[in-house]
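Undergrad: Single-letter residue listing:
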Amino acid sequence: MNKNSHLLLHIYMGAFLVYLLVPLLVMGGAAFNASKLPTIIPWKGWTDEWFIALWNDNRIWIAFRNTVLVALAVVAIAVPVGTAGAILVNSISGRVRSVIYGMMVAPILIPGVVIGISTLLFWNHFSIGSGLHLSVLGQVSYIASFVMLLVLARLQSFDAGLEEAALDLGATHAQVMRRILLPHLYPAIGAGAAISFFQSIENFNVTLFTRGGADTLTVYVFSKVRSGITPTINALALLLILFTLGAAVWYEVNRRRKESIELAREAEALRAEAAMR
Amino acid sequence: MQDLLRRYGAGLTWLCIGLTFFWLVMLVLLPNFTMLESSFRPYLAKVDEGGPLDFYSLGNYMKVFGNEVDFSVFGFVFQMPVRVKVFYLTIVYSALVTVITFVMAYPLAYYLAKIASPKSLPTLFLLLFVPLWVSEILRSFAWWIILAFKGPLNVVLMALGLIDTEIRWIAGFSPVVIGLVYTYVLFMVFPLYNSMQSLDSNQIEAAEDLGSSRWRTHWRVILPHAKPGIASGAVMVFMLSAGSLLVPSLLGSTTSGWFTQTIQGIMMDSQDWNTGAAFAFMLLLVCTIFVSLMMRVFGVKLSDIAK
Amino acid sequence: MGAGIELASVCCDFGKFRAVDHVNVNIEPGEFFSFLGPSGCGKTTILRMISGFIEPTEGVVRIGGKDMKGQRPNQRPTALIFQNLALFPLMPVWENIAFGLEVRGVDKAKRRARAEELLALVDLHGAADKMVSQLSGGQKQRVAIARALAVEPSVMLLDEPLSALDLKLRQHMRAELRAIQKRTGVTFIYITHDQGEALAMSDRVGVMSQGKLQQVATPREIYNRPANGFVASFVGENNILPGKVQNVSAGNAGFATPVGVFEARLVGEKSDPGLKLYVRPEHTILSPKAKAKNSVPVTIGDVSFEGSFIVVSAISENGTQLTAELRNDGSATVPAAGTKMHVSFDAANAAILPDTSAAGA
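Residue numbers (my numbering), protein chains in the order written: chain Z, 1 to 277; chain B, 1 to 307; chain L, 1 to 361.
Hints were generated in silico from the structure; no laboratory data involved. Wrong hints could be hidden among the right ones.
[To be verified] Far from chain Z, some chain B residues (derived; all Cβ distances over 12 angstroms):
| # | residue |
| --- | --- |
| 1 | D54 |
| 2 | F65 |
| 3 | P81 |
| 4 | R83 |
| 5 | K85 |
| 6 | Y88 |
| 7 | I167 |
| 8 | A171 |
| 9 | Q203 |
| 10 | H225 |
| 11 | T255 |
[Claimed, not checked] Lysine to any residue pairs mimicking SDA-like chemistry, simulated, CA-CA at most 20 angstroms apart:
| # | chain 1 | residue 1 | chain 2 | residue 2 |
| --- | --- | --- | --- | --- |
| 12 | B | K119 | Z | I11 |
| 13 | B | K119 | Z | L7 |
| 14 | B | K114 | Z | M13 |
| 15 | B | K85 | B | T255 |
| 16 | Z | K36 | B | V155 |
Just so it is clear, CB atoms sit at the ideal spot from N, CA and C, and this is done for glycine as well.
Put together the whole structure using the sequences plus the hints.
TA: Here it is as structure tokens:
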């Protein structure tokens with residue numbers, strides 16, 4: 001009986017993975033179909049023309065450059081802001097803490113449309129018109145929340161005694177921050193930077209309302225899908241998927257390597273302990 | 001504060017406070033206040049701003065009423081303003097998406113938390129994460145291809161003999177729901193998994209040992225334990241669905257208006273930012289109400305949801 | 001190169017709670033000084049006031065004759081060894097040791113050389129490039145000591161650094177710490193609740209209770225001439241008999257207890273509250289015949305063999321239990337349970353001490 005239900009769940013897991021991954025395969029496959037419309041059926045033969053078209057499409061390259069610039073700017077602002085927020089909220093307590101914490105988390109739950117419009121209206125007051133700079137500010141407002149949550153989680157495993165030890169050894173406050181606290185936070189800050197980058201690339205809602213006339217990849221793809229589409233988009237999609245997949249695998253391999261090093265160290269400590277007796 | 005000063009000195013403390021202030025005040029609070037304030041003012045030509053016509057009113061919000069259309073619930077036909085209808089349907093279908101994703105995610109989260117071997121977990125998670133890293137627009141685009149009239153889904157179904165003629169999938173709300181479910185189901189899986197994982201497996205065994213049926217064990221032991229996860233997943237999926245503009249725009253048809261599309265039309269086509277602000281604020285209000293409702297129903301805190 | 005430390009009437013309050021209460025002590029340069037007391041007695045607070053993490057509410061802390069008021073931890077000539085050692089987990093051993101030099105702007109080659117030197121001093125050759133997580137508990141201990149020594153402090157503050165180690169290693173590290181202290185000449189201030197540790201290592205010991213310093217003396221004096229009941233019972237075992245002072249003559253007094261009247265040294269005044277008689281088990285003599293003075297007839301109860309000594313419990317006629325300790329060197333015959341014998345002690349080895357908790361009011 002139990003075995004049967006486990007089997008059902010195993011099958012369900014498999015089916016779910018198929019459900020998740022097949023649409024992506026379909027989309028990727030269409031990039032190689034010689035059909036003028038993006039589809040895999042009917043299959044009109046293998047081609048690489050869409051990749052060549054993609055290479056020659058100037059607007060995509062501009063959109064691509066814009067996307068990367070915006071993402072880098074978002075990382076450059078959201079990471080320090082989110083980290084500072086986490087350090088601040090970690091050092092206060094009581095009611096003030098819950099209010100500030102609530103304000104820091106809330107942007108994740110605000111619809112992107114709302115963030116886009118409010119950012120546009122606010123900066124318009126100072127005669128700062130729409131454009132990618134506003135997209136950056138709008139995106140930072142909620143992406144900083146992700147960074148804050150990641151860094152805060154890491155801060156909770158920090159031993160403040162290390163800071164006291166460093167101060168006692170004569171370090172200045174800045175040295176304590178740079179040599180003791182930040183190195184401890186680096187994994188979270190790195191993860192925060194990666195998430196910020198990908199969130200920014202993905203962003204559509206905030207960007208759509210704040211971008212002015214400029215294109216980013218998502219906005220460009222959106223406009224393409226709505227007005228006559230060619231499988232160039234599929235070629236682009238496939239490249240993006242491969243890129244993210246590569247990044248994911250690299251991250252995972254790195255993580256496992258670090259884990260095994262840490263395990264080896266612990267084993268050595270145990271051996272040293274045993275040798276003392 | 002005192003703690004911060006002692007640990008990092010005045011300079012770094014003020015840097016932290018300054019950066020946080022910039023974020024919370026300049027990027028979050030003031031923009032939202034500005035939006036709220038603008039939503040009460042009429043849309044005027046530049047010269048009239050600050051003039052006698054520039055006064056606070058609920059005018060922008062009233063624009064939601066107007067353009068009555070037919071609307072039927074269980075066969076009863078009502079007259080309803082078109083924007084109210086869109087607003088209402090957005091909420092209903094977002095809730096539907098939330099329920100569907102929950103039904104799909106629950107067995108999966110249970111499998112991942114309690115049945116899958118720990119060895120296979122990293123690989124499973126890597127596979128689950130792949131679609132999450134592919135941008136929302138590409139995921140909807142994939143379904144746009146699949147659901148096309150002469151697309152793969154119809155061809156496969158016809159080859160299997162399940163249908164005789166092609167189905168026009170891209171019509172009404174179903175493609176929107178399909179797309180939203182596909183795009184956001186993982187936002188339900190992970191919180192559910194997190195909450196179930198912390199449940200001691202012995203409790204499940206104890207319940208079964210005491211003669212509880214499997215359904216009863218789920219209902220009395222696992223489901224209550226997963227409450228924070230359910231709340232967090234439901235909030236995420238609902239907010240993302242109601243706030244989605246991409247999926248309804250790509251997969252929707254003329255008969256499936258989404259409230260975000262209404263807002264977009266007002267902002268971009270009519271360039272009426274004040275009414276846009278009013279409608280955006282209504283969307284924000286609905287989301288806030290939904291979050292508080294979930295927190296009340298499931299008895300969880302904001303910090304549990306944000307995990 | 002060690003510096004002297006003076007605590008002048010130092011107090012520290014946490015809200016309404018007075019953690020340290022008018023502590024006065026002069027610690028000599030190059031001394032190994034221990035603060036001994038149960039947990040919560042205020043000894044860690046004293047350490048944190050010397051290192052500068054806490055400012056005293058009242059009183060003055062002087063290091064090398066200089067008032068430390070307003071001096072932050074990174075400006076004081078002290079180095080603290082934390083209870084959990086607080087080694088930096090993300091730095092290799094040598095960077096840990098050289099951290100204090102790094103923040104002082106010493107160049108890398110010099111830092112490295114100094115770290116190697118210190119590793120040799122603490123007998124940890126070849127560990128420079130290891131990570132902290134690769135070390136055993138004892139090795140971490142040595143790194144912590146080396147790290148503190150690297151900044152050439154004139155005062156080293158140690159907060160129960162051995163408490164995480166197992167018994168054997170702890171005993172080994174005691175000797176090691178003592179040797180390092182003698183070699184470097186740095187003033188060591190050591191915090192512990194373990195009397196064995198304090199007595200074995202220190203030049204002088206300060207016994208603390210409830211924020212007050214009860215006695216400052218050499219380990220020998222603390223044990224043999226405790227100033228009050230708290231010190232006597234916190235350090236070592238005792239037979240304790242309540243009673244009343246009868247007559248005083250030349251420092252000794254007659255003391256009437258339920259078991260009988262005994263002569264003993266009177267510490268303090270006849271009028272001190274809560275006076276009791278304290279006799280160490282090893283000063284308690286068992287004999288077949290009654291002695292002329294300070295002698296009680298008893299029946300032998302439980303006899304327990306502890307290895308190097310034997311603990312004999314004896315019960316007097318009114319049911320009071322007395323404990324005697326015999327050395328297992330063949331000089332004493334071990335009595336059998338139920339034997340009738342006499343317990344006695346020298347007046348010089350017994351003390352009538354005031355009870356501080358009663359006096360503290």
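Undergrad: Would you mind marking each hint as holding or not holding in the structure?
TA: Verification of the hints:
Separation of D54 (chain B) from chain Z is adequate, the least Cβ-Cβ distance of about 14 angstroms exceeding the 12 angstroms criterion. Distance check for F65 (chain B) against chain Z: the nearest CB is about 21 angstroms away, which clears 12 angstroms, and the non-interface claim stands. Annotated as non-interface, P81 (chain B) keeps its C-beta farther than 12 angstroms from every C-beta of chain Z; the closest such distance is 21 angstroms. For R83 (chain B), the non-interface assignment is confirmed: its Cβ lies about 15 angstroms from the closest Cβ of chain Z, beyond the 12 angstroms cut-off.
Every C-beta of chain Z lies more than 12 angstroms from that of K85 (chain B), the closest at about 19 angstroms, which supports listing it as non-interface. With a least CB separation of 17 angstroms from chain Z, Y88 (chain B) remains clear of the 12 angstroms interface cut-off, as annotated. Its beta-carbon lying about 15 angstroms from the closest one in chain Z, I167 (chain B) satisfies the requirement of being farther than 12 angstroms from that chain. For A171 (chain B), the condition that its CB be more than 12 angstroms from all CB atoms of chain Z holds, with the nearest at approximately 17 angstroms.
Listed as a non-interface residue, Q203 (chain B) keeps its Cβ farther than 12 angstroms from every Cβ of chain Z; the least gap is roughly 16 angstroms. The Cβ of H225 (chain B) sits about 18 angstroms from the closest Cβ of chain Z, beyond the 12 angstroms cut-off, so the non-interface label holds. The Cβ of T255 (chain B) sits about 17 angstroms from the closest Cβ of chain Z, beyond the 12 angstroms cut-off, so the non-interface label holds. Between K119 (chain B) and I11 (chain Z), the direct Cα distance comes to roughly 18 angstroms. Compliance with the 20 angstroms bound is thereby established for this hinted pair.
The straight-line distance between the Cα atoms of K119 (chain B) and L7 (chain Z) is roughly 18 angstroms, inside the 20 angstroms bound, and the hint therefore holds. Between the alpha carbons of K114 (chain B) and M13 (chain Z) the distance comes to roughly 13 angstroms, so the proposed pair stays at or under 20 angstroms and holds. A distance of roughly 12 angstroms separates the Cα atoms of K85 (chain B) and T255 (chain B); the hinted pair therefore holds under the 20 angstroms criterion. The straight-line distance between the Cα atoms of K36 (chain Z) and V155 (chain B) is roughly 19 angstroms, inside the 20 angstroms bound, and the hint therefore holds.
In summary, the structure agrees with every hint in the numbered list given earlier.
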